[in-house]
Amino acid sequence: DAGVIQSPRHEVTEMGQEVTLRCKPISGHDYLFWYRQTMMRGLELLIYFNNNVPIDDSGMPEDRFSAKMPNASFSTLKIQPSEPRDSAVYFCASSLPGYSPLHFGNGTRLTVT
Amino acid sequence: GQQLNQSPQSMFIQEGEDVSMNCTSSSIFNTWLWYKQDPGEGPVLLIALYKAGELTSNGRLTAQFGITRKDSFLNISASIPSDVGIYFCAGHTSNTGKLIFGQGTTLQVKP
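Here the protein sequences line up with chains A and B, keeping their order. Each residue of the first sequence is one higher than the one before, starting from -18 at the first, in this note's numbering. Each residue of the second sequence is one higher than the one before, starting from 37 at the first, in this note's numbering.
Calculated directly from the structure, the hints in this document are not laboratory data. The beta carbon of each residue, even a glycine, is placed where N, CA and C say it ideally should be. Keep in mind that the hints are not guaranteed to be accurate.
To be verified - Here are the computed lysine-lysine pairs in the DSSO-like style, where the Cα-Cα straight-line distance is at most 30 Å:
{"#": "1", "chain 1": "B", "residue 1": "Lys134", "chain 2": "A", "residue 2": "Lys59"}
{"#": "2", "chain 1": "A", "residue 1": "Lys49", "chain 2": "A", "residue 2": "Lys59"}
{"#": "3", "chain 1": "B", "residue 1": "Lys134", "chain 2": "B", "residue 2": "Lys106"}
{"#": "4", "chain 1": "B", "residue 1": "Lys87", "chain 2": "B", "residue 2": "Lys146"}
{"#": "5", "chain 1": "A", "residue 1": "Lys49", "chain 2": "B", "residue 2": "Lys134"}
{"#": "6", "chain 1": "A", "residue 1": "Lys5", "chain 2": "B", "residue 2": "Lys106"}
As the list claims (entries may be wrong) - Anything over 10 Å on all C-beta distances counts as not near chain A; from chain B, calculated:
{"#": "7", "residue": "Glu51"}
{"#": "8", "residue": "Val55"}
{"#": "9", "residue": "Glu77"}
{"#": "10", "residue": "Gly89"}
{"#": "11", "residue": "Glu90"}
{"#": "12", "residue": "Ala126"}
{"#": "13", "residue": "Gln139"}
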């Protein structure tokens, strides 16, 4: 069965450009999470959704970041305008309710020059 | 804020040796999860623990949920080169229910 699918795997863009990262969660999972991973800060939770509704976006760095989940099988994380300090690996994960483990995608490596 | 202290930060061992790593916190957790991340991939769940004192094995891996609910350890027996990677502990806190990750243990195995 398919796991969490993220696209693109790699994204290189210039400062100031808009970046959109995409995620398809595991079918049947009610929760979707966006994480950012850097060497300095490790895995940081940016935002998570329950049944397509954003529940906690306190980890979103600033207004340049936005996330949407228009339906149960698709979510986007958008950065506009992008900055070099946004360079990181962005992971999407999904889970069932309760204290269920998260299942991660393979991430999008973003480089902003 | 709530933190998980994961140690050691890195390990460099000989193939065949046993490995032990742990996570501690001042907060109480309802779950402990152990993940492994290979280069260029996302973290993959190794073991999930749901009850204080629980001891669970998955092949050469063994993990325990500390009796105080504030710590957990992961042991790998007879390490092999493919054990190389970053190991993360994670847990759902009892007060917020949020999943918090440790900083990771980087394991290198010398053949």
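Tested hints:
1. The straight-line distance between the Cα atoms of Lys134(B) and Lys59(A) is roughly 23 Å, inside the 30 Å bound, and the hint therefore holds.
2. Distance check on the hinted pair: Lys49(A) and Lys59(A) sit about 8 Å apart at the alpha-carbon level, within 30 Å; holds.
3. Between the alpha carbons of Lys134(B) and Lys106(B) the distance comes to roughly 15 Å, so the proposed pair stays at or under 30 Å and holds.
4. About 35 Å separates the Cα atoms of Lys87(B) and Lys146(B), which puts this hinted pair outside 30 Å; it is violated.
5. In summary, the hint linking Lys49(A) to Lys134(B) is supported, as the alpha carbons are separated by about 20 Å, within the 30 Å threshold.
6. Note on Lys5(A) and Lys106(B): the hinted pairing is violated, with a Cα-Cα distance of about 34 Å set against a maximum of 30 Å.
7. Listed as a non-interface residue, Glu51(B) keeps its Cβ farther than 10 Å from every Cβ of chain A; the least gap is roughly 27 Å.
8. At the 10 Å boundary, the C-beta of Val55(B) stays outside the reach of chain A, the nearest C-beta of that chain being 20 Å off.
9. Interface exclusion of Glu77(B) from chain A breaks down, the closest Cβ pair being 5 Å apart, not more than 10 Å.
10. The claim that Gly89(B) is not at the interface with chain A holds, since no C-beta of that chain comes within 10 Å of its own (minimum 17 Å).
11. The beta carbon of Glu90(B) sits about 13 Å from the closest Cβ of chain A, which is more than 10 Å, so the claim that it is off the interface holds.
12. Taking the minimum C-beta to C-beta distance to chain A, about 8 Å, the non-interface status of Ala126(B) is violated against the 10 Å cut.
13. Residue placement check: Gln139(B) does not keep its beta carbon more than 10 Å from all beta carbons of chain A (closest about 5 Å).
The structure does not agree with the numbered hints 4, 6, 9, 12 and 13 stated previously, though it agrees with the rest.
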